[in-house]
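**Q** Chains as they are written, first to last, in the working numbering: chain A, 1422 to 1733; chain B, 1422 to 1733; chain C, 1422 to 1733.
A hint or two may mislead.
[Stated by the list, open to error] Some chain B residues flagged as far from chain A (calculated, every beta-carbon gap over 10 Å): (1) Ser1434; (2) Glu1435; (3) Glu1529; (4) Leu1530; (5) Thr1534; (6) His1579; (7) Leu1593; (8) Gln1612; (9) Asn1618; (10) Thr1625; (11) Lys1663; (12) Lys1665; (13) Asp1683; (14) Gly1718.
[Said to hold, decoys possible] Computed list of lysine to aspartate or glutamate pairs in DMTMM-like fashion (alpha-carbon distance at most 25 Å, straight line): (15) B:Lys1533 / C:Glu1699; (16) B:Lys1498 / C:Glu1699; (17) C:Lys1423 / A:Glu1688; (18) C:Lys1570 / C:Glu1624; (19) A:Lys1498 / B:Glu1699; (20) B:Lys1498 / C:Glu1649; (21) A:Lys1662 / A:Asp1683; (22) A:Lys1570 / A:Glu1699; (23) A:Lys1663 / A:Glu1562; (24) A:Lys1498 / B:Asp1679; (25) C:Lys1498 / A:Glu1699; (26) C:Lys1696 / B:Glu1529; (27) B:Lys1447 / A:Glu1510; (28) C:Lys1447 / B:Glu1510; (29) A:Lys1423 / B:Glu1688; (30) A:Lys1696 / C:Glu1500; (31) A:Lys1662 / A:Glu1596.
Keep in mind that the hints were calculated from the coordinates and are not lab data.
By construction, the Cβ of each residue, glycine as well, lies at the ideal position given by its N, Cα and C atoms.
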Amino acid sequence: MKHLLTTSELSISEIEQILSEARGFKAGESWLPHNQTFVANLFFEPSTRTKCSFEVAERKLGLEVIPFEVATSSVLKGETLYDTIRTLESVGVNAVVIRHNIDNYFDELVGKTNIPILNAGDGCGHHPTQSLLDLMTIQEEFETFQGIKVAIIGDIRHSRVARSNADALVRLGAEVVFSGPQEWFDESMRQNGHYENIDTAIETSDVVMLLRIQHERHSDSDKHTAEEYHRQYGLTIDREKKMKPNSIIMHPAPVNRDVEIDGRLVECERSRIFKQMENGVYVRMAVLKRALDQYQGGVNNVNDYQKRLLAY
Amino acid sequence: MKHLLTTSELSISEIEQILSEARGFKAGESWLPHNQTFVANLFFEPSTRTKCSFEVAERKLGLEVIPFEVATSSVLKGETLYDTIRTLESVGVNAVVIRHNIDNYFDELVGKTNIPILNAGDGCGHHPTQSLLDLMTIQEEFETFQGIKVAIIGDIRHSRVARSNADALVRLGAEVVFSGPQEWFDESMRQNGHYENIDTAIETSDVVMLLRIQHERHSDSDKHTAEEYHRQYGLTIDREKKMKPNSIIMHPAPVNRDVEIDGRLVECERSRIFKQMENGVYVRMAVLKRALDQYQGGVNNVNDYQKRLLAY
Amino acid sequence: MKHLLTTSELSISEIEQILSEARGFKAGESWLPHNQTFVANLFFEPSTRTKCSFEVAERKLGLEVIPFEVATSSVLKGETLYDTIRTLESVGVNAVVIRHNIDNYFDELVGKTNIPILNAGDGCGHHPTQSLLDLMTIQEEFETFQGIKVAIIGDIRHSRVARSNADALVRLGAEVVFSGPQEWFDESMRQNGHYENIDTAIETSDVVMLLRIQHERHSDSDKHTAEEYHRQYGLTIDREKKMKPNSIIMHPAPVNRDVEIDGRLVECERSRIFKQMENGVYVRMAVLKRALDQYQGGVNNVNDYQKRLLAY
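Whenever a hint applies, use it, and build me the whole structure from the sequences.
**A** Right, dumping it as structure tokens:
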């Protein structure tokens, strides 16, 4: 069963295989399952990017997407996640994409359900497709991870992205440093990189990866005002000017404009923010193919099919 | 106009025809309408199973499903159900599937709208596709209904399933008994079967059909605690041991684990709970075909189409 | 970029071109884009008619509709409309349909996004597809706009429809008058037509176009009771009897039965209310084709495709 749960469980060669498939899809390759294949997207937390990105990826693979709205589901009657997934499996759903607010929600599912689970984010834990699209974007830019310095800046403690990325980047040969409010630095992350002063981090890194302040996960005492945060830890116009030549800016979005980053920099020349979103579709096509190819079967480069069916 | 409103209005031969079609779909037969055909699913109450099941059935028949979210519809502006259905009809929707909290909501529609209505549950009234999938599951197990004893246990008064099933089962030749809290027994149901003590019912029936406690429909004074209910009327581990050989357990789900049934029995060997869900898709394909075939037209066993379109 | 933002920005010849395409679609013509094409419908206000109508139109053109539910989107995390649209564009969405409660919401988007925007209603401002379907319905009835008198009656001040329609009708050669509560008449509309007494308006017009009372946009002091409004300004049974021969009744719906119009007249012989909805689908097909044809490309009258793909 080819679940996709965390970046950590993926070997280097599996990551490289997924990125290679994603590049292929971006270059125009295609894949379609042999049979009508159903997938359901279960988003227990708000999302535009990840949900729409999966949805587009699914349609590009010719999958049938079964709508699942938490607010109108039996989850409201107290149904457990396990029973919901078993239900979807019983009615013929072949794979599920899940975002959930509980860390490691998938632990209660794995080994007990018979369809692949693609984790679209769990609590403060993991967000493997975000990591993979970040990796794809860095690889596209620098071709290698060896010797690339990546600064992950901001709300590290509450970030699914920070954990997933730091781990994978280090294994792939990159150097990772963390910055932002020091009290948000999590000692458990020290194995992947040390804390660095904000100005040093921005001035010496090839990739400045900003994280979203997750207001909804902070207690009041823990909060910085937007202006104060921007001045102390944000990517200001001044700090951007001191970045290395050819270094790039990344952000998983949604962006809090003028907090993590000056609004005027969101679409500046160094910014890869919207390119990350574009790459997300191809990465998701790759992990969906990986999950379905094994037990559903499919065909690559179905250009004739597409000519007949879509491009006419 | 081939509506599907209640099980009672279906003749024995109509039921048998639907079950036969459903078995055919399960065996791999197919049907597609001649023309692009639109269907809308209107769920005014939460549902996972029924909604997803209809959705999968619709896609398997190649129908176009138009999303309808009550929470973002003009129903919020006070639009009547009749005007909503007439609107959908006007924009080209060819059939509607409706779940509504009002008993017999369809009375104000029938004869005035021009598209078939498939009832996916009304108030405490009817739920014909649930009945049909229950019948299909029993028939698959025992091949006949003659002489089969079915115990319907639990929240009989608030159950759409109890009414629909008891009526159909009796007409098909089965024996029905009811059990659970005696004060929940509805005298109007006596025509289809008598009330039986919980232990007798479980020990002597071929089918133990448990109903969901509908907490949301009970007043406080009416409530049993979960533990008390389970001990007095639930399918405990002990009671299951005393069931007849080859007898089966059914439940329309969602299950309240450890209330109606011990959580460990939900997927035991006797349980057909997830098989019921699987059969639901085929039953819904059958009633959708029945509703659309007449005025839209369609073709059976379109294997070539499917080979080309879906299976490549 | 062929946005569709307001009726006013459309030239007479553009309007005629759209109506001609819409008539073609109604007569059975078809169009499909060359490549798999994605569209998202963003409805920030409740809607049944407009949303379902766009959805059906999109499916008839073979478009892939990406679900976007405001209530489960990052809009809840404070994402701006601009960032949402740029996100959708980045993941591959080719056009967006937007209904929003802010007047001229599109001003902050036009010139900055790279995909066409189809306005499905903004605040109290514009609703161009509603105007176009009204025009199509009038044209179908009278063949010309020259010399046709149209009375627009009711909640003129809060009506997107009133503004859009009055402007286009006058340019096309029709005569427009306004009626209803005089305090709701907006002086800015005088350029398109004068205020007329309710009985005169109804008795002398070829088209009696009633508007919906938008309770949700009125302050308390501003309110009329339903009965009072109906008696003073509604289309009563008595007033309908005095209408000109061959004159017709229109209403954008949802109808407040027995307020703007006696419930018994909603489907009377003069009423074109449900025909308007039907025409809405064809008008939306026309504007979607217009938006996509230029940069996506497509083919007309793909009957073979349809025979193979849809009609088998």
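**Q** Determine which of the earlier numbered hints do not hold for this structure and return their numbers in increasing order.
**A** Failing hints: none at all.
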